[in-house]
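Just so you know, the sequences run in chain order F and V. Per this note's numbering, residue 240 is the first one in the first sequence, and the count goes up by one each step. Per this note's numbering, residue 149 is the first one in the second sequence, and the count goes up by one each step.
These are computed hints drawn from the structure, not numbers from a lab. Among the clues, some could well be false.
A partial selection of chain F residues facing chain V, derived with a Cβ cut-off under 10 Å [as the list claims (entries may be wrong)]:
{"hint": "1", "residue": "Asp369"}
{"hint": "2", "residue": "Asp372"}
{"hint": "3", "residue": "Gln494"}
{"hint": "4", "residue": "Leu518"}
{"hint": "5", "residue": "Asp550"}
Between beta-carbon pairs, the in silico distance windows are [what the hints assert, rightly or not]:
{"hint": "6", "chain 1": "F", "residue 1": "Glu521", "chain 2": "V", "residue 2": "Asp746", "range": "38 to 48 Å"}
{"hint": "7", "chain 1": "F", "residue 1": "Glu282", "chain 2": "V", "residue 2": "Tyr741", "range": "45 to 55 Å"}
{"hint": "8", "chain 1": "V", "residue 1": "Lys594", "chain 2": "F", "residue 2": "Glu521", "range": "47 to 57 Å"}
{"hint": "9", "chain 1": "F", "residue 1": "Val378", "chain 2": "V", "residue 2": "Arg828", "range": "33 to 43 Å"}
{"hint": "10", "chain 1": "V", "residue 1": "Asn772", "chain 2": "F", "residue 2": "Glu428", "range": "27 to 37 Å"}
{"hint": "11", "chain 1": "F", "residue 1": "Glu428", "chain 2": "V", "residue 2": "Asp746", "range": "46 to 56 Å"}
{"hint": "12", "chain 1": "V", "residue 1": "Pro336", "chain 2": "F", "residue 2": "Glu519", "range": "47 to 57 Å"}
{"hint": "13", "chain 1": "V", "residue 1": "Tyr363", "chain 2": "F", "residue 2": "Glu521", "range": "45 to 55 Å"}
{"hint": "14", "chain 1": "F", "residue 1": "Glu519", "chain 2": "V", "residue 2": "Gln318", "range": "35 to 45 Å"}
Backbone N, C-alpha and C fix where the C-beta goes; we use that ideal spot for every residue, glycine too.
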Amino acid sequence: MTPILMKGHERPLTFLRYNRDGDLLFSCAKDHTPTLWLAHNGERLGTYRGHNGAVSCCDVSRDSSRLITGSADQTAKLWDVKSGKQLFTFNFGSSARSVDFSVGDHLAVITTDHFMGVSSAIHVKRIAEDPQDQVGDSVLVLQSPDGKKKINRAVWGPLNQTIVSGGEDTVIRIWDTETGKLLKQSDVEVGHKEAITSLCKAADDSHFLTGSHDKTAKLWDMRSLTLIKSYTTVVPVNAVAMSPLLNHVVLGGGQDASAVTTTDHRAGKFEAKFYDTILEEEIGGVKGHFGPINALAFNPDGKSFSSGGEDGYVRLHHFDSNYFNIKI
Amino acid sequence: MAAVVDIDALSAQLGVNWSEVNLDSIQLPPGNNFGIESDDEAVYHDDQSEFDTGFGNIIVVDHLPVVPKEKFEKLEGVLKKIYNQLGVIKENGLWMPVDPDTKMTLGYCFIEFNTPQEAQNAKEKSHGYKLDKTHIFAVNMFDDFDRLMNVREEWEPPQARPYVPGENLQKWLTDEKARDQLVIRSGPDTEVYWNDARQKKPEPVHKRPYWTESYVQWSPLGTYLVTLHKQGAAVWGGADTFTRLMRYQHSMVKLVDFSPGERYLVTYHSQEPSNPRDASKVEIKVFDVRTGRMMRDFKGSADEFSIGGPGGVAGASWPVFRWAGGKDDKYFAKLSKNTISVYETETFSLIDKKSMKVDNVVDICWSPTDSILSLFVPEQGGGNQPAKVALVQIPSKVELRQKNLFSVSDCKMYWQSSGEYLAVKVDRYTKTKKSTYSGFELFRIKERDIPIEVLELDNKNDKIIAFAWEPKGHRFAVIHGDQPRPDVSFYSMKTAQNTGRVSKLATLKAKQANALFWSPTGKYIILAGLKGFNGQLEFFNVDELETMATAEHFMATDIEWDPTGRYVATAVTSVHEMENGFTIWSFNGNLVYRILKDHFFQLAWRPRPPSFLTAEKEEEIAKNLKKYSKKYEAEDQDVSLLLSEQDREKRRALKEEWEKWVMQWKSLHEEEKLERQDLRDGEVSDVEEDEYEAKEVEFEDLIDVTEEIVQESM
């Protein structure tokens with residue numbers, strides 16, 4: 240499996256996202272320009288210029304026409320995927336950390352950090368059919384109990400009835416989108432022990448996977464928030480992904496970026512680790528990055544995946560045929 | 149938060165103002181703990197009472213002049229002057245009682261110091277102080293009065309305690325699967341495990357958080373595990389779980405050491421001096437392990453316990469007392485400036501009541517099996533007097549053999565484990581005196597007149613990085629040359645034709661190694677590249693002179709063979725932040741299992757006592773190994789079958805459970821189909837499409853697989 244190295248970012252990668260058809264790959268990095276790539280050969284199609292800060296997250300609509308990005312310049316922006324034009328800017332009082340389109344793409348959930356007395360929050364915005372009609376008002380604002388902790392990710396639950404959030408306070412919460420009430424939160428005993436860094440949901444919104452600095456990733460039922468599986472690794476987990484095709488999960492991470500320069504490159508464990516979803520056993524790893532892995536995404540066809548690292552590279556891997564026959 | 153609010157509400161209800169309550173002032177009725185167990189069950193009650201009186205820092209000075217009121221202040225002033233030199237007297241800490249009738253002093257006073265140490269010191273220094281001819285101070289600790297007053301007039305024979313049958317302390321040796329135990333410390337926990345290589349995992353035996361306050365150590369024969377605490381040391385052992393067998397009171401104990409036959413335990417404590425110019429104070433106690441009785445204690449400044457070598461070693465080098473080899477624990481020796489003190493354990497006094505005077509001796513080393521002491525004296529008088537290595541028989545103190553060595557910079561002595569050979573690594577100056585080169589002097593102890601042979605490496609200028617004897621064998625390994633790729637050579641003390649000559653067996657060129665670890669049974673050795681070499685391991689068979697396996701335990705810091713030489717543990721301890729934990733390998737370098745533990749401090753195999761089998765019997769077993777091993781191989785197979793069966797069962801259960809979830813998710817997804825369609829403005833829902841896609845993928849995949857297999861089989 241020879242990866243395609245995509246060098247388009249000057250700063251560490253933060254997020255990767257395929258569109259539904261699996262032909263486009265969007266990447267976000269701490270430089271200010273989200274980039275669009277062809278998913279099969281890594282050709283750069285274009286960039287989305289306009290942000291004035293690190294871009295931490297993005298999402299693309301089901302029909303691949305709209306892109307939403309969240310950035311540390313205290314805005315979230317809507318883009319036209321094809322032309323690269325800015326359609327609308329949502330302004331916040333602090334960094335936008337995560338964005339996610341709802342089923343039907345009429346709503347978006349955006350999380351913002353705490354900043355200068357503003358506590359971290361989850362905002363729900365209505366996305367208008369016609370960009371002309373777009374307004375910046377929030378339909379709903381949810382406050383996390385601990386406003387001093389970042390909410391690293393919030394996504395829509397089944398049928399847009401719930402929002403699932405996770406962040407630095409280690410707790411996973413499920414919110415009711417109608418009333419804004421907190422419905423469930425993860426059990427302290429079985430939950431993560433350190434900051435939740437990433438959250439990835441299954442295509443059918445039935446379950447989701449969380450990665451945490453406590454060196455574990457956990458698989459949860461999205462409706463009942465029951466812990467189903469737990470995967471333990473040796474380094475903090477920054478990114479997680481689930482194969483849509485096989486029962487595999489991928490964890491990416493590595494030692495803290497600040498310690499990288501002082502230790503042997505092998506100490507870092509900058510590998511994307513594959514685990515069997517059901518048996519919780521490690522299958523293998525994909526090496527290559529020379530910094531921690533910050534982002535992982537599976538192509539919706541399950542035949543390729545890409546990883547983005549602190550080193551500024553996106554590595555696009557097409558699986559060899561023997562990957563599909565792994566038996567453990 | 150919530151709990152605090154509750155308490156506040158409750159106290160408001162009851163009208164209690166918490167700020168006015170002093171929790172310490174609440175006295176519980178004695179003997180009633182209200183069901184609240186004290187945390188410090190392990191607190192040493194007897195010692196505790198000693199400290200609890202709180203009078204440990206008071207001394208009583210007797211034989212003072214009896215003075216009238218007018219002279220009271222003058223006397224007080226004199227006393228203060230004397231005792232302020234010896235320690236800090238507490239404010240109002242000097243109290244001289246006065247006879248209420250005559251207003252005369254009573255001839256004694258009490259002085260309270262800041263610390264018990266100061267009081268002890270003041271007592272020792274001022275006892276017998278002559279104030280004038282008629283007044284010679286008699287100083288006592290206040291606590292001693294109490295203790296001595298309570299001594300009965302008549303001697304009562306101590307009551308014989310009823311005999312309580314002890315546990316079988318060696319039960320672990322009777323393990324049916326003949327497994328070995330190991331102890332690890334990680335985070336606050338200390339855990340003992342069976343090394344169950346068949347099951348490819350450790351099996352827990354005993355786990356205890358905060359078992360020790362610094363480290364743990366096995367006794368040399370594996371009977372006891374010693375833990376260190378503020379109050380002293382304790383040993384643990386027993387048949388099934390680890391119970392405390394004995395405690396040894398020695399406050400702030402820092403280091404412990406067992407005699408080789410594990411009859412005695414030596415504990416060490418040193419205290420930093422309050423005045424930095426003074427040497428630190430050292431206290432060493434020797435206990436009988438089984439009775440817990442202190443046999444002897446040694447006190448003094450660190451100078452007396454350190455080697456007065458040219459390096460001027462700071463502090464004492466541990467172990468201060470070196471025990472003579474063999475299982476009788478008969479002698480132990482201490483090295484200090486120009487003297488070697490050899491004690492015998494029958495009376496715990498010096499042999500012949502005096503130490504051996506050896507000018508400038510810097511190192512001593514016991515034979516591991518006999519009471520022979522080897523010692524090294526460096527060059528003196530600018531080379532006029534040669535350096536010498538000598539062998540001394542104890543207790544006769546007869547010099548068995550001696551060798552003078554010229555232009556020596558340093559010497560290191562290595563005994564072979566059965567005491568047959570002694571290798572002395574000698575670093576000599578070159579003619580210019582600018583650099584040194586190394587060679588070996590090899591002593592054959594068991595032969596007549598103890599012949600000495602000189603061995604020099606092929607390349608004389610090679611630096612020697614490591615040296616190790618084969619346990620119980622006649623071979624040794626040397627790492628020599630320059631980093632980062634030194635050579636490793638193997639030598640034998642026997643040659644095919646001539647048993648009395650050393651010969652080289654092989655040299656392995658350019659190895660990434662800086663440490664040698666022989667298997668305890670010999671024959672196999674691990675050439676390890678620790679630290680700078682990131683944990684390179686080479687498993688080498690010295691009989692065949694071939695590498696069995698090479699492996700890497702990244703960043704490994706420690707390597708330890710199990711006592712039987714079947715398995716070896718490599719560990720990354722918390723000197724590194726990452727990948728703390730240990731790995732168990734088979735003797736030939738197969739990875740058995742790996743355990744990760746954060747904050748991993750220590751790993752130690754439980755030693756085994758030596759085998760009772762005679763050498764002939766062992767040889768016979770080695771010859772007919774096939775016959776003996778059959779039984780164990782069958783067992784191995786049974787276990788591995790069972791394991792794979794269990795594994796299959798577990799996997800099946802997991803798969804079933806997962807299928808249940810998937811079914812549930814599928815049906816829910818189906819139920820919500822219409823609603824989802826609604827949310828997507830009536831766009832035909834993804835369900836059919838998704839299913840179609842999924843099917844397509846599966847289909848394609850399946851064909852791929854089956855076709856290939858069919859082709860292959862045809």
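Inset, instruction - Closer than 10 Å between Cβ atoms is the bar; does F:Asp550 clear it against chain V? Give me holds or violated. - result: violated, 19 Å
Inset, instruction - May I ask you to test the interface hint for F:Asp369 with respect to chain V, counting a Cβ-Cβ separation under 10 Å as satisfied? - result: Cβ of F:Asp369 sits 14 Å from chain V, so the hint is violated.
Legend entry - F:Glu519 and V:Pro336 - C-beta distance against the hinted 47 to 57 Å: Violated - the Cβ-Cβ distance for V:Pro336 and F:Glu519, about 27 Å, lies outside 47 to 57 Å.
Inset, instruction - Note whether the CB distance of V:Lys594 and F:Glu521 lies within 47 to 57 Å or breaks it. - result: holds, 54 Å
Inset, instruction - Hold the hint about F:Leu518 up to the distance rule: shortest CB distance to chain V must be less than 10 Å. - result: Holds. Min distance 6 Å.
Inset, instruction - Could you tell me whether the CB distance from F:Val378 to V:Arg828 stays inside 33 to 43 Å? - result: violated, 18 Å
Inset, instruction - Indicate whether the distance between the beta carbons of V:Tyr363 and F:Glu521 respects the range 45 to 55 Å. - result: violated, 33 Å
Inset, instruction - Mind checking the hinted window 27 to 37 Å against the Cβ distance between V:Asn772 and F:Glu428? - result: At roughly 56 Å between Cβ atoms, F:Glu428 and V:Asn772 fall outside 27 to 37 Å, so the hint is violated.
Inset, instruction - Return holds or violated for the Cβ distance of F:Glu428 and V:Asp746 against the range 46 to 56 Å. - result: Violated, since F:Glu428 and V:Asp746 (Cβ atoms, about 19 Å apart) do not stay within the stated range.
Legend entry - Supplied contact hint for F:Asp372, tested at 10 Å Cβ to chain V: violated, 16 Å
Legend entry - Hint validity - F:Gln494 Cβ closer than 10 Å to any chain V Cβ: holds, 6 Å
Legend entry - Supplied distance hint 45 to 55 Å, evaluated on CB atoms of F:Glu282 and V:Tyr741: holds, 46 Å
Hint compliance for this structure: hints 1, 2, 5, 6, 9, 10, 11, 12, 13 are not met, and every other hint is.
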